[in-house]
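Enquirer: Chains as they are written, first to last, in the numbering used here: chain A, 1 to 202; chain B, 1 to 202.
Hints were generated in silico from the structure; no laboratory data involved. Just so you know, even glycine gets a beta-carbon here, dropped at the ideal spot from N, CA and C. Do not rely on the hints blindly, as some may be mistaken.
[To be verified] Cross-link-like lysine-lysine pairs, in silico, DSSO-like; alpha carbons within 27 Å at most:
no., chain 1, residue 1, chain 2, residue 2
1, B, Lys27, B, Lys159
2, B, Lys159, A, Lys150
3, B, Lys150, A, Lys159
4, B, Lys159, A, Lys27
5, A, Lys159, A, Lys27
[Stated by the list, open to error] To give an idea of the chain B side of the interface with chain A (calculated C-beta under 8 Å), a few residues:
no., residue
6, Met8
7, Tyr101
8, Val145
9, Gly149
Single-letter residue listing:
There are 2 protein chains.
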Amino acid sequence: MADASEIMTVPARRGRAQRLTKGQAIKIINVSGTQVCDTWAFNAEDLREFMSMEHMRPTLGTIFPRQGHHLITNRRRPILLFETDTSPGIHDTLIAACDDYRYGLLGCTTYHDNCTDNLAAGMRQIGLTPPETPSPLNLWMNIPVDPEGKTAWGEPVSKPGDYVVLRAEMDCIVALSACPQDILPINGANRQITDIQYQVLA
Amino acid sequence: MADASEIMTVPARRGRAQRLTKGQAIKIINVSGTQVCDTWAFNAEDLREFMSMEHMRPTLGTIFPRQGHHLITNRRRPILLFETDTSPGIHDTLIAACDDYRYGLLGCTTYHDNCTDNLAAGMRQIGLTPPETPSPLNLWMNIPVDPEGKTAWGEPVSKPGDYVVLRAEMDCIVALSACPQDILPINGANRQITDIQYQVLA
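The following block holds chain A by itself, in its conformation from the complex (with noise of 0.2 Å):
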């Protein structure tokens, strides 16, 4: 577990999940500026409760929230203030965590690496286990939405370096992963999966 200093990893096509007090911020930095962070943020008393992508949008009136909004749950309490984000604000909501069954569908005959998977296996590192996979919200992925619904798989407009901090608005979970999109371009045209570096703030 990070202390207020130190800067952990979420190794390139891996999930980890970190505790934060309320008021304490989680700092997540994507470093080649083109990776794709899904996030998931639960209530350290209750799992049960989470922050919800479906929920969220009709609060903020929104399906991209953007720096100064409240992020909140499926229990429509505020969970995580989005404080900072150094980048274009490009943010996505609106697409289901990647999963083996997607990867199926998209060609893939084995095993692929995914985040519904690494969520789990995030939240087992600290001991403990999501009651389900809620729709995440997925840091620097670029869905554009045209006048007709219509959705496309963007590329990351962000630079490297790019940052959101998430401020904790209750005792909570967060967890993220460093989605392995690598047959769609949204984690950039070349595809390559890289890591995302966080650090806990006071």
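Starting from the known structure of chain A, arrange chain B on it as the hints suggest.
Expert: For chain B alone, kept in the frame of chain A given last:
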């Protein structure tokens, strides 16, 4: 439970659930034309597999499912074919089922009927418990999304008697809630909550 020809009612503000065998279909009728119907589907063999908006969007490539689309589960399999739609095709996949927390935030100080509890009650009537509250397919709910991603609370554009037909692609349970939202205008400017009807088709 409905025979193949009997017309069943989901009373205004309430929920019902219906078993379908693979190949059967459910015709869901917007009697008033202004009533939103939150809709879920669960694999009858394993309720942990269910129709999932966040898994459906990347497969369909749109936030607006339309006639002809295969609606898919959190295991990326078709569960319902969106076979017929007599309405202009405006349905929502973005907004969570309403719940008592939501009505509290909207100013209610006592219990308010809600789609989350209606799902549980409808399933309980046929002896089942949903494993969680998936984000629903909100039939006839009109949530416009502007080019910046901002959402609005529109009124239904459907007319009295409009219906959809959803055909089961696996044995499943379909749950319906005649959404009791009477504070926002999603069930029409008059905020009048009305019955939904349904019929099982061979």
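Enquirer: Now tell me, hint by hint, if it's right for this structure.
Expert: Against the structure, the hints come out as follows:
Among the hinted pairs, lysine 27 of chain B with lysine 159 of chain B is consistent with the structure: their alpha-carbon atoms are about 16 Å apart, no more than 27 Å. For a cut-off of 27 Å, the pair hint linking lysine 159 of chain B to lysine 150 of chain A stands: about 25 Å separates their Cα positions. Between lysine 150 of chain B and lysine 159 of chain A, the direct Cα distance comes to roughly 25 Å. Compliance with the 27 Å bound is thereby established for this hinted pair. For the given pair, lysine 159 of chain B sits about 50 Å from lysine 27 of chain A by alpha-carbon distance, which is inconsistent with the 27 Å threshold.
Among the hinted pairs, lysine 159 of chain A with lysine 27 of chain A is consistent with the structure: their alpha-carbon atoms are about 16 Å apart, no more than 27 Å. Below 8 Å, beta-carbon pairs count as interface contacts, and methionine 8 of chain B has none with chain A, the closest being about 28 Å; its hint is therefore violated. The restraint placing tyrosine 101 of chain B at the interface with chain A holds, with a minimum CB-CB distance near 4 Å, inside the 8 Å limit. Using the Cβ-Cβ criterion of 8 Å, the hint placing valine 145 of chain B at the interface with chain A is satisfied: the shortest such distance is roughly 6 Å.
This hint holds: glycine 149 of chain B has a C-beta 4 Å from the nearest C-beta of chain A, less than the 8 Å allowed.
Going through the hint list in order, the structure does not satisfy hints 4, 6.
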